[in-house]
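These protein sequence lines are chains X and G, in that order.
Each step along the first sequence adds one to the number in this note's numbering, with nothing skipped, and position 9 is 321.
Each step along the second sequence adds one to the number in this note's numbering, with nothing skipped, and position 417 is 400.
A portion of the hints provided could be inaccurate.
[What the hints assert, rightly or not] Lysine-lysine pairs mimicking DSS-like chemistry, simulated, CA-CA at most 25 Å apart: (1) X:Lys604 - G:Lys445; (2) G:Lys423 - X:Lys350; (3) G:Lys259 - X:Lys587; (4) G:Lys124 - G:Lys102; (5) G:Lys259 - X:Lys601; (6) G:Lys166 - G:Lys180; (7) G:Lys72 - G:Lys41; (8) X:Lys604 - G:Lys369; (9) G:Lys124 - G:Lys166; (10) G:Lys445 - X:Lys395; (11) G:Lys423 - G:Lys41.
Calculated from the structure, these hints are not laboratory results.
These numbers were taken from a predicted model, which means no experiment stands behind them.
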Amino acid sequence: MVHNFRTDVAIDWCPGCGDFGILTALTQAFTELNLDPKNLAMVSGIGCSGKTPHYVNAAGMHTLHGRGIPFATGVKLANPNLKVVLTGGDGDLLSIGAGHFVAEGRRNTGITVVLFDNQVYGLTKGQAAPTMALGMQTKSLTRPNVFGQVNPVALALASGYTFVARGFSFDTKQLKDIIKRSIMHDGSSLIDVLQPCPTYNNINTMEVYRQKVYKLEDDKTWNPTINESSADHYEEIYQRAFMKALEMDKRIPTGVFFENNTIPSFPRRLNEHVKDYLTSPPALQSVEKNGKSLVDPANSFVDKILQ
Amino acid sequence: MENVDLSIVIGGPQGGGIDTASNMISKAFAYSGYQVISVREFHSNIKGRHSYVHLRVKNSQVRSLKYPVDILVALDPDTIFEHHEDISKGTRVLYDADFETSELSQARMIMRDTSRRIKEMLESAGHTLNVRGVLDYMKSKGALPIPISFGNVVSEAVPDGTPTRYFNTFGAAATLAVLGIDKNYVEKVIKSVFGNKEKVIGPNIKVVDAAYDYCANHKLRIKNLPDLEMGKKMLLTGNDGSAIGKVLGGLRFQTYYPITPASDESTILEEHEELKWMDGENTNLITGGVTVVQAEDEISAINMASGAAMTGTRSATATSGPGFSLMAEAISFAGMDEIPLVVTLYQRGGPSTGLPTRNGQSDLLFALHTGHGEFPRMVISSGDVKECIEDSARALNYAQRYQLPVIHLIDKNLANTTELVDIPDGSSINIQQPDRSDGKDSFSRFTLDTKNGISPIGYFGKDIFWLTGDEHDEKGHVTEDTWMRDRQMEKRFLKLQTAEEEIPISERAVVLGPAKADVTFMTWGSQKGLVLDVIDALGKKGIKANLLYIKMFEPFPSKFVSEVLKKAKIVIGVESNMTAQACKVIKMNTGIDVENLILKYNGRHVTEDEVIDASLRIIEKKEKVVVLENGA
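Work out the full structure, taking the sequences as your base and the hints as a guide.
See the structure below:
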């Protein structure tokens, strides 16, 4: 049965919000990949993006502000067979959760991080988020933004994410394709999604973005992927991704910036040390026999016994 | 045979192998059939500052430490300076004669205030401000110095080695030689401590031989401890006990961020990651394991463990006060979302960074109130290594049964106490499985249709349901409906009532010692064994005392505690904190004041002698509060 991955929960995002496009791209990607909704975990933090799991008919976890990445990591490491998709806002992932964002790059656990990038804190009435440019003054700000801007694509590249992309919430087809690729990628992904906040961001509107965005894949020579065969070109491909990441002003590239298939995911790294981790992950191990413990300390802690 | 009761302090610079030396002494006594307990005291420092181990050996149950010691072993001058008060008539002070002229002013690793106090003591007693001066002071109190040139003896035994590298082995071996422990045991210990490292074992055995020869030639033996029957035992710290208990209790996922004194537990789990057991038919050996993950911070650690828990994995994290502070928001989430989660909270001296490597019991009230809003939790505490094993397994069961965060308190003193314990029988540990979802599509994770507040749990990977930190409906979707809010709050709290009904009182609070007594002590955590020893000692003085020992602080055994305290005559609370937190909890739950207090907050382990003394001041001199100050 083809699943449409939608619940009957009433969606309370503002009319015209970019979130709708992201939700559509997500559920279409899940349907096209024919995922089993029981094997999909949707995780989120707090904010408008945080509500997403309630609108998706799959196991969902709407967690704490900034903490989506740790929850998602815990789910994935306990059961690496699950597909884990995280939806988070720019404040959620790059301000309160910035430490986890960087750490996830080091781990490369194998989760898909979808960054709802609208440059404002919507639910708390439009404060400046880390992706807003210095000096920008949206209508709800009492003075121009006094903070500098974080570049999520460059930060993800520097942190070690092995799949880094950008989408635009009003191009759901491209975004859906990126999401599908990221879910099938064996490693952690960052998808920076440009999206207008029609209520609080009167500067970067849908029209402004439409004029600025262009697709990396329209350049037929663009190849962001590193495989075993192209590992020699690692530096070149990585540097080119960085150069593209810095293009943020007059024109903004979308598409896949970087895909490295040569770095083992965290579950694979664990499997090197924890015997049978991948075939018998924590969530699938038994712990008891007839209500009694399986483990005999005389076997498992033999070094602590005085003989 | 005569009662054997020996106390030892062995001290030296951090990084100088004091741990290994203490391990050698403990194991040698254990092999000889003696009971032994020890606690490690150290600075927040990698190399150089003063560290020591306090041991006690008996031929009967040993459960506390005491001063003065029978043997003080000093591998460096600082040990002599720091421990000048730990001696009495007859104490042997075994030290390296080569540092006899070391000046106090040159002992730069001693804390400035400590140095000033030692200086004032030496000046007022008219002694020189060096090691010799302190030794003179000790001699004036009846101590008997045993100077040995460690360098000479060791370099003769191991001519091509770096002598200082063997000072710890030499100190340990000399101690055992002085007490007349069979040298064969010491050699066995060397092999067990250094494993298969032949290059290390050889010279260390030569050093042991040299120590034994030296002590024999100089007639230093003061005792001849006979061999006793040794049962099959494990030598474990509280950290070890907690790790083993978790594994027995079915733990499969542990997260942590490095912090003293909690991270040792995670390291032990990582060392024993691979587990084996027989399958249902007892034919195939199954391999499994605990996955241990070092997170980027404690916030991540607890949230990762919560995420893992919702896949049906028994999950836990371990931390200490500062890390636990960071976990507060996630504890609240686990309460709200009914996540089976165990947090092992190793208490150390606070506030803030406080005394990061020292003891404390000042996080009880915090553990009871961590996190915003009102939600059910369980808070339990362990008092010795055996309890660490049992309680860690129990904590996982409680978490599964009642689907809530369980905070397991272990104090630093217990974490770093080494005890001999019987090998736990894995098949005696019960594993309680939670009520599970029926797997149907209509599954409601937070169904109100329960009599005991426990809704069947669902797992990511098996069921479709939602979790949210917001108040939620039965499916787990956000709601602000007033009726649903009230019912969900009531359902969550009903679980605590269920826990009260189901958990036997023996797992929550007990009276140890005689049922009727003139004095009733109340304590928790690592003072348990110590207070029992104090009760024995008071008994010999004609004072009949017993102990109300509390293990579960939430849900609090109010009725039981209230009944015990109403019958008690003189009640004395013993705690390692300044504000008598357990006594506050008792007052809060029963309305009863514990009027007499023995408190310690200098971060050092409580000792038997000081509690006997304090008890007598309360019982006989009617003092109300006694603050304990022992410890270097």
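Evaluated hints:
1. At roughly 24 Å between alpha-carbon atoms, Lys604 (chain X) and Lys445 (chain G) fall within 25 Å of each other, so this suggested pair holds.
2. This hinted pair checks out: Lys423 (chain G) and Lys350 (chain X) have alpha carbons roughly 11 Å apart, not beyond 25 Å.
3. Between Lys259 (chain G) and Lys587 (chain X) the CA atoms are separated by roughly 10 Å; this keeps the pair inside 25 Å, and the hint holds.
4. For the proposed pair Lys124 (chain G) and Lys102 (chain G), the alpha carbon gap of about 18 Å is at most 25 Å, so the pair holds.
5. Note on Lys259 (chain G) and Lys601 (chain X): the hinted pairing holds, with a Cα-Cα distance of about 13 Å set against a maximum of 25 Å.
6. Under the criterion of a C-alpha separation no larger than 25 Å, the hint pairing Lys166 (chain G) with Lys180 (chain G) is consistent with the structure, at around 20 Å.
7. About 20 Å separates the Cα atoms of Lys72 (chain G) and Lys41 (chain G), which keeps this hinted pair within 25 Å; it holds.
8. Between Lys604 (chain X) and Lys369 (chain G) the alpha-carbon distance is near 18 Å, which keeps this suggested pair within the 25 Å criterion.
9. The hinted pair formed by Lys124 (chain G) and Lys166 (chain G) fails the criterion: a straight-line CA distance of about 32 Å is larger than 25 Å.
10. Straight-line distance between C-alpha atoms of Lys445 (chain G) and Lys395 (chain X) comes to about 13 Å, which keeps the hinted pair within the 25 Å bound.
11. For the given pair, Lys423 (chain G) sits about 61 Å from Lys41 (chain G) by alpha-carbon distance, which is inconsistent with the 25 Å threshold.
Consistency with the previously given hints fails for numbers 9 and 11, ordered from lowest to highest.
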